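Based on the hints, put chain G in the right spot on chain V.
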Amino acid sequence: MSTAPLTPLSPLQNPTPHAMPSAMDRLDRAALQDVVDLSLWAGQLVMQRGADSTRIERTVHRIGTGLGCNWMDILVSPNVIIVTTSSGDEFRTKVRRVVRIGVDFAALAAISKLTHQVMAGQMDRFALRAALQAIDHQPAHYPRGVVVTMVGLACAAFSQLFGGDAPIFFVTWLAASAAMFARQALQRRHFNPFLVVLGTAFVAGLLGSLGTVQDLSETPRVALMASVLLLVPGVPLINAAEDLLEGHVVMGLVRGVNGGLTSLAIAVGLLLAMRLVGVEGL
Amino acid sequence: MSTLLGLVLEDAFWSAVAAVGFAVLFNVPPRLVWACALTGAVGHMLRTGITESGGHIVLGTLIGATVMGFLGTLLGRWLHAPPPLFNVTGAIPMVPGVFAYSTMIGLIELAGDAASAEVLVDTARNGIQTALILAALAGGITAPRLLLQREKPVV
Numbered sequence: 002m003s004t005a006p007l008t009p010l011s012p013l014q015n016p017t018p019h020a021m022p023s024a025m026d027r028l029d030r031a032a033l034q035d036v037v038d039l040s041l042w043a044g045q046l047v048m049q050r051g052a053d054s055t056r057i058e059r060t061v062h063r064i065g066t067g068l069g070c071n072w073m074d075i076l077v078s079p080n081v082i083i084v085t086t087s088s089g090d091e092f093r094t095k096v097r098r099v100v101r102i103g104v105d106f107a108a109l110a111a112i113s114k115l116t117h118q119v120m121a122g123q124m125d126r127f128a129l130r131a132a133l134q135a136i137d138h139q140p141a142h143y144p145r146g147v148v149v150t151m152v153g154l155a156c157a158a159f160s161q162l163f164g165g166d167a168p169i170f171f172v173t174w175l176a177a178s179a180a181m182f183a184r185q186a187l188q189r190r191h192f193n194p195f196l197v198v199l200g201t202a203f204v205a206g207l208l209g210s211l212g213t214v215q216d217l218s219e220t221p222r223v224a225l226m227a228s229v230l231l232l233v234p235g236v237p238l239i240n241a242a243e244d245l246l247e248g249h250v251v252m253g254l255v256r257g258v259n260g261g262l263t264s265l266a267i268a269v270g271l272l273l274a275m276r277l278v279g280v281e282g283l
Numbered sequence: 183m184s185t186l187l188g189l190v191l192e193d194a195f196w197s198a199v200a201a202v203g204f205a206v207l208f209n210v211p212p213r214l215v216w217a218c219a220l221t222g223a224v225g226h227m228l229r230t231g232i233t234e235s236g237g238h239i240v241l242g243t244l245i246g247a248t249v250m251g252f253l254g255t256l257l258g259r260w261l262h263a264p265p266p267l268f269n270v271t272g273a274i275p276m277v278p279g280v281f282a283y284s285t286m287i288g289l290i291e292l293a294g295d296a297a298s299a300e301v302l303v304d305t306a307r308n309g310i311q312t313a314l315i316l317a318a319l320a321g322g323i324t325a326p327r328l329l330l331q332r333e334k335p336v337v
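Each protein sequence line maps, in turn, to chains V and G.
According to my numbering, the first sequence holds residues 2 to 283 in order.
According to my numbering, the second sequence holds residues 183 to 337 in order.
Keep in mind that the hints were calculated from the coordinates and are not lab data.
As the structure is a prediction and not an experimental result, all values here were calculated from the model.
Think of the CB as a built atom: it goes at the ideal place given N, C-alpha and C, for glycine as much as any other residue.
Accuracy of the hints is not assured; some may be wrong.
With a cut-off of at most 20 Å between alpha-carbon atoms, the simulated SDA-like pairs for lysine to any residue come out as follows [unchecked claim]:
#1 V:Lys114 <-> G:Leu261
#2 V:Lys114 <-> V:Asp38
#3 V:Lys114 <-> G:His262
#4 V:Lys114 <-> G:Arg259
#5 V:Lys114 <-> G:Gln331
#6 V:Lys114 <-> G:Trp260
#7 V:Lys114 <-> G:Leu256
One side of the interface only, derived from the structure: several residues of chain V facing chain G at Cβ under 7 Å [unchecked claim]:
#8 Asp105
#9 Ala107
#10 Ser113
#11 Ala141
#12 Tyr143
#13 Met151
#14 Val152
#15 Ala155
#16 Ala158
#17 Gln161
#18 Leu230
#19 Gly235
#20 Val236
#21 Leu246
#22 Leu265
#23 Ile267
Excised from the complex, chain V in its bound form (with noise of 0.2 Å):
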């Protein structure tokens, strides 16, 4: 018997576990396939649906090792994720490509309570596949025109924010709801994100003028700072920002890199509708 070190080694200088499983606990190569593409599955709906990395890592690494691995390693890049899972001997490696959907919340609830049952051992592989499949296709909570008229609404918030009075928040919920109307549209149709936003601001700002052209209030451009607020990147940029601070520098880059580009998309929208309305200047 040598002796041990007396400090362990921590799990990223040593992949592999201290504690060998026995030959009984080992997943063989057929399991390790079904355990490399749950858990990626589960770490690519997360990534779409507006998670940052640590949680992308975290949900992947706690699938992974729920369903029987030893240890996961995972690298979450900007339009991939890439994972090694092993036990024992034995280890699988799958790359998946991860195109952005949009933020949806209530699949990131129930992919977190997946993860929990995974982790305590209340669900199987079979389960598990049979639940993320539902998840990739639970239809949303609020239907289309529910969401459209609260966006608007949302907007019409941010104008009384700003100090906008009663006619500009009807004008900023008016614009800001065919705003989100020709946003969905636009997407339906699979344009460019980028020229999604580029219209979305287009029609907000058209229609955000309207205080300013008929001379309907004190305040009018608040309706028009206001109604583009709709498309601000929020979600890219928060994560943005959480990332960098959690030492995930290039995703960090790549969503704020994207984050100020879709704003300079809603400025070159606004400004066309400005020009074209005739209003100058914010």
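Here is chain G on its own, set in the frame of chain V:
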């Protein structure tokens, strides 16, 4: 004092409405929407209280977001949901949206005839405000995670 209180309460109301609108956009389950309204109101209301009493907007954002971050973490435990549901949705009213696109409008103006030293300073100010407010927002939201859950790295 009472005018400040009135202003802050009105601010809380409209921030809550804005947070609810974005909760619907982000597909937050209906049973949890009230909690997003609460975090949205608390964060923005604190920030407005601080800026109205003469504090800097970045400091106000940091304090508002930190209180909101801890509140969101507690709500997540009580309601069995991931904290970002409440933190990120609640942070939306504090996101420097107008600063962000004003920076871009300023950059476009700098390329045209309207360019002046004043536009340059305004644009730089807007850009720096955007970055600092975002940093304060993220710092506040992650504060509970950074201070309380210092897990060893999983990767």
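To see whether the hints hold, each was checked on the structure:
Taking the CA atoms of Lys114 (chain V) and Leu261 (chain G), the gap is about 12 Å. The hint holds against a cut of 20 Å. Restraint check for Lys114 (chain V) and Asp38 (chain V): satisfied, since their Cα atoms lie roughly 19 Å apart, inside the 20 Å limit. Only pairs whose Cα atoms come within 20 Å are accepted, and Lys114 (chain V) paired with His262 (chain G) is accepted, the gap being roughly 8 Å. Restraint check for Lys114 (chain V) and Arg259 (chain G): satisfied, since their Cα atoms lie roughly 12 Å apart, inside the 20 Å limit.
A distance of roughly 19 Å separates the Cα atoms of Lys114 (chain V) and Gln331 (chain G); the hinted pair therefore holds under the 20 Å criterion. With a CA separation close to 14 Å, the supplied pair Lys114 (chain V) and Trp260 (chain G) stays within the 20 Å bound. A distance of roughly 17 Å separates the Cα atoms of Lys114 (chain V) and Leu256 (chain G); the hinted pair therefore holds under the 20 Å criterion. Interface restraint check: Asp105 (chain V) against chain G, minimum CB-CB distance 5 Å, threshold 7 Å, status holds.
The criterion of a C-beta within 7 Å of any C-beta in chain G is met by Ala107 (chain V), whose closest approach is roughly 5 Å, and the hint holds. A distance limit of 7 Å between C-beta atoms decides the matter here; for Ser113 (chain V) the minimum to chain G is near 5 Å, and the interface restraint holds. For Ala141 (chain V), the shortest C-beta to C-beta distance to chain G is roughly 5 Å, which falls under 7 Å, so the interface hint holds. Proximity of Tyr143 (chain V) to chain G holds as hinted, the smallest CB-CB distance being about 5 Å (cut-off 7 Å).
The interface hint given for Met151 (chain V) holds, since its Cβ lies 4 Å from the closest Cβ of chain G, which is under the 7 Å cut-off. Nearest Cβ of chain G to the Cβ of Val152 (chain V): about 5 Å, under the 7 Å cut. The hint holds. Checking Ala155 (chain V) against chain G by beta carbon gives a least distance of about 2 Å; that is within 7 Å, so the hint holds. Proximity of Ala158 (chain V) to chain G holds as hinted, the smallest CB-CB distance being about 4 Å (cut-off 7 Å).
Interface restraint check: Gln161 (chain V) against chain G, minimum CB-CB distance 4 Å, threshold 7 Å, status holds. Because the smallest distance between the Cβ of Leu230 (chain V) and any Cβ of chain G comes to about 5 Å, under 7 Å, the interface hint for this residue holds. Interface hint at Gly235 (chain V): satisfied, since its Cβ lies 4 Å from the closest Cβ of chain G, which is below the 7 Å cut-off. With a cut of 7 Å, the hint placing Val236 (chain V) at the interface with chain G holds, because the nearest CB-to-CB distance is about 6 Å.
Proximity of Leu246 (chain V) to chain G holds as hinted, the smallest CB-CB distance being about 6 Å (cut-off 7 Å). The restraint placing Leu265 (chain V) at the interface with chain G holds, with a minimum CB-CB distance near 5 Å, inside the 7 Å limit. For Ile267 (chain V), the suggested interface contact is upheld, since its CB lies about 4 Å from the closest CB of chain G, less than 7 Å.
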